[in-house]
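Residue numbers (the numbering used here), protein chains in the order written: chain A, 1 to 343; chain B, 1001 to 1268.
Just to be clear, a hint being listed does not mean it is correct.
Unchecked claim - Example chain A residues on the side facing chain B (calculated, C-beta under 7 Å, incomplete):
hint : residue
1    : Glu64
2    : Ala173
3    : Ala177
4    : Arg271
By construction, these hints were calculated from the structure, which means they are not laboratory data.
For glycine and all other residues, C-beta sits at the position ideal for the given N, C-alpha and C.
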Amino acid sequence: VILNLERFQAQARPRWKNLESLLEALESRPDRRLNSAEAQQLQDLYAQASADLNRVTHGALALELRQYLERLVARAYAELYYSPPTRSEIWQPRRWLRIFTAFPETFRRHTGYFALSVLITVLGCAFGGLAMHYDPASVDVLLPADYLRNPGERVHEEEQGKARHLDSAQIEAAFSAQLIRHNIQVALLAAALGVTFGIGTALLLFENGVLLGAVAVHYTQQGFGLFMTAWLLPHGVFEIPSILIAGQAGFYLARLLLHRRENRNLRESMREWLVLIAGLAMMLVWAGIMEAFFSQHHAPVLPYGFKVAVAGAELVLLTVYLLLIGRRKIAAEARSIVPSENK
Amino acid sequence: MTNIQSRLASTAVELTIATPEGVLFRLPVAGPGSRLYAMLLDVVIVLGTANGIGLLVYWIFAKAPGFGVLVITLAEFAIGFAYGALMEGFWNGQTIGKRLFHLRVIDQAGLPLRIEQAWVRNLMRVFDALPLAYLVGGISVLSSPLMQRFGDRVAGTLVVLQTPLAVPGEESWMRQKYNSFMEYPTIAVHLRRGVTPELASLIQDALRRRNELAPYARREIYRELATYLQSEVSQFPDELIERLSDEQYLINASGILFGDQRPSRVHR
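Build the full structure now, drawing on both the sequences and the hints.
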């Protein structure tokens, strides 16, 4: 069919303009809802524009007109087939608070991946610890930072409080911010490395484990076991699990990507990944505060026994939170609920 | 001339969507260049905002600078991720930088992106930015058919180019009463068959921008286009060509290509 372009455009231009102004009106609304009259109008104009596009596609030489119509149809298509989140879904504070229960629920749904990251970290720990035990010279390779290599000096310094400034609360605050930022970045990387099919996540967890095991054995060998426990655990009981959860998120992502074609509810899965990250970020904020304000105070100020007891209490609370908060029978309920698009 | 054509064809990466109504439409995918510029602009905006907040915080925490640093460090960090995620999530796939460079993030299915997707693609920046200067993301973009960085692949999104397009208007040069090319219907058919859509729109552009071009440049471009058409596509007789300027040649040609004055009419 040879199209008389000029006449065709003259006839169709008014309806294209109508569609364009309708789309502009819709796109400027924050919730993008349309009433029934508008929906009808949008449907009609979209159908016409689609038909016009089809005619132009086969009438060769109207490249510009075709681009214009493609753009128009694309915009109308997006408006017609997109179901926007409801206003209440976005602005209800209650929904935001739900993260505190959604996090442990999501954690429990994917304990398998958590177990995997625990396993890899333990392997790393064992490797680091054994290497340090049988070959103390490997300390130079395993522990990169100077301060970790000379426990005696370090402990002495720490206990004397030499590293501390007079106005120490200020320094600690700034220090804790840096810790939080750095830890969240590392954890996020572990979770994001899931795109390498989990290989990157595994390597990162293993390396982390090696460091942990090597430091533990190195300090214990030199008789600073209690000091180290009191030094690392008050923040470590949140920091280490949060890295493990980051690993869990990473493996979950890897699995998600490998099976994305079979996954019918990719959106929900993505949300779970995000919930895990939000949860571990909250844990790391707490860990950063503890590390800066609590862990760095040593024996004369805070007895080691007290510090270890605090760490133990934290661990119990975290365990209770992760295992008991939120709905208990997730799996059974999830099966009975039909996933709806606008939940 | 052929150079220009092949280059046009090779750089145009497109996302093709087939709607349930059986219509195909294509969206031009944005290249790494414009995305980089948009990102740099966004970085400037984020740093500006963070430092603005920083000044305020320093003023509030004048007595406790350490806590000021705490607030600023964490705010800067949070803004860095939240800026992209919230802007894209609530502003239909655009940040300020993306809007200025006519870019938009959309779902792979041609729909607006969802808030989860916006968060995922922005959090994945920690991976795409490795090891420095978005090297991983850049390699991913260049190796992906839809120019997606890893964050886009995971979130199922891509960045499209959305330069505003006006309704194709009526062209003044289409409305001439008499077109001397009509007297040679056979050659006119050659012209119509021999011109690719890209070349046709090039001619159209050249004519439309008549007044934007410097006189010298215009003369050169018109001469080049007319010479190409005359020698490679449609050889109108010399006695006709001698009477026409290059510009008139192109006007006549686009009359044949786009106008109501189709060669087929002459036969009727």
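Verification of the hints:
1. Glu64: holds, 5 Å
2. Ala173: holds, 4 Å
3. Ala177: holds, 4 Å
4. Arg271: holds, 5 Å
Hint compliance for this structure: no hint is broken.
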